[in-house]
Amino acid sequence: MIDFHKPLESVIRARRRGRPLLLFLDYDGTLVEIASRPALARPAPELIELLSRLTARADLKVMVVSGRPLWELQEMLPVPGMGFLGSHGGEGFLSQCLRPQQVIAAEKNELLHWRSRLEARLQSFLGWWIEDKPLGFALHYRQLSKEYLHEFIVIIEKWQQQVRLEKRFQLLAGKKVLEIMPQGVSKGAAIQEILSLPAFSGYFPIYLGDDITDESAFHLLQGRGLTIKVGRSGSKTAASHFLLNPEEVRRFLTALAFLLEDHDGEYFRSSG
2 MIDFHKPLES VIRARRRGRP LLLFLDYDGT LVEIASRPAL ARPAPELIEL
52 LSRLTARADL KVMVVSGRPL WELQEMLPVP GMGFLGSHGG EGFLSQCLRP
102 QQVIAAEKNE LLHWRSRLEA RLQSFLGWWI EDKPLGFALH YRQLSKEYLH
152 EFIVIIEKWQ QQVRLEKRFQ LLAGKKVLEI MPQGVSKGAA IQEILSLPAF
202 SGYFPIYLGD DITDESAFHL LQGRGLTIKV GRSGSKTAAS HFLLNPEEVR
252 RFLTALAFLL EDHDGEYFRS SG
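Note that the sequence shown covers residues 2 to 273 in the numbering used here.
Hints were generated in silico from the structure; no laboratory data involved.
For clarity, every value in this text was computed on a predicted model and none was experimentally measured.
A portion of the hints provided could be inaccurate.
To be verified - When the alpha-carbon atoms are kept at most 25 Å apart in a straight line, the in silico DSS-like pairs for lysine-lysine are as follows:
{"#": "1", "residue 1": "Lys147", "residue 2": "Lys159"}
{"#": "2", "residue 1": "Lys147", "residue 2": "Lys168"}
{"#": "3", "residue 1": "Lys237", "residue 2": "Lys177"}
{"#": "4", "residue 1": "Lys177", "residue 2": "Lys147"}
{"#": "5", "residue 1": "Lys177", "residue 2": "Lys159"}
{"#": "6", "residue 1": "Lys109", "residue 2": "Lys177"}
{"#": "7", "residue 1": "Lys7", "residue 2": "Lys237"}
{"#": "8", "residue 1": "Lys147", "residue 2": "Lys176"}
{"#": "9", "residue 1": "Lys168", "residue 2": "Lys109"}
{"#": "10", "residue 1": "Lys109", "residue 2": "Lys147"}
{"#": "11", "residue 1": "Lys109", "residue 2": "Lys159"}
Start from the sequences and build out the full structure, keeping to the hints where you can.
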């Protein structure tokens, strides 16, 4: 049985001080398993029910933070009261729309330039594809044959070096995905902005994520909240705790819901 005592201790302390909770959840690899194509990573009805159970509480706000576009998150997670930060924090929706960062025309032209150069270099490979994003584009290569992976990586690394020399865009590397977008966009920066809003003064932040793009949030919340890396323990991270996979995440969220329903003492007695 997974022991949730350690990560939940800080939540219990925050509750006893009267602090409401602000729960940030990554999507792919955290709430759902990573799929070969993003459209295939759909939430189970049980997950929607669990998230609805959490968002129904007055002492908890829940936000999904993802590299996916805002509209896609809203479509995949029709949960009343849920907040969303899409495009790694470049797009936001809470109870009202927050202004998304816009890509100006000149940047769009530059992005098309970099996309064309990348596509030209990768024409001889199979198993990759490019996804248009609101603030840029993403190269996916999860279906690439392992036989050609090294050669493929060498080519995209040379392309990345050229992009970095321009200092106009940032590159976000994930699990067999590489994304390009304007400088200054990150999950950590978006969460910092959310936490600075008067509406969230005094909230205790909790963040769960599985990828390198979540590290900016983990660093931001060190000593300020609860951070949980989803993946094998021992991997390099700024997070303070680990959960192995989305199944453990769902079990953790179930335990959190149980605690918030005024069963703190009962939980520890039944688990100890």
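25 Å limit on alpha-carbon distance, applied to hinted pair Lys109 and Lys159: holds, 22 Å
Pair hint outcome, Lys237 versus Lys177 [Cα-Cα no greater than 25 Å]: Holds - the C-alpha atoms of Lys177 and Lys237 are around 18 Å apart, at most 25 Å.
Given hint Lys176 paired with Lys147 - CA-CA distance at most 25 Å: Since the Cα atoms of Lys147 and Lys176 sit roughly 14 Å apart, the hinted pair holds (cutoff 25 Å).
Pair hint Lys109 and Lys177, alpha-carbon separation not exceeding 25 Å: With a Cα-Cα distance of about 24 Å, the restraint between Lys109 and Lys177 holds, given a limit of 25 Å.
Proposed proximity, Lys159 with Lys147 (alpha carbon, max 25 Å): holds, 19 Å
Hinted pair Lys177 and Lys159, Cα distance within 25 Å: holds, 16 Å
25 Å limit on alpha-carbon distance, applied to hinted pair Lys7 and Lys237: holds, 19 Å
25 Å limit on alpha-carbon distance, applied to hinted pair Lys177 and Lys147: Given that 25 Å is the threshold and the Cα spacing comes to 12 Å, the pair holds.
Given pair status - Lys147, Lys109, alpha carbons within 25 Å: Measuring from Cα to Cα gives roughly 33 Å; hence the hint is violated.
Restraint status (C-alpha distance of Lys168 to Lys109 at most 25 Å): holds, 15 Å
Straight-line alpha-carbon gap Lys147 to Lys168, limit 25 Å: violated, 31 Å
The structure fails hints 2 and 10 (numbered hints given earlier, in ascending order).
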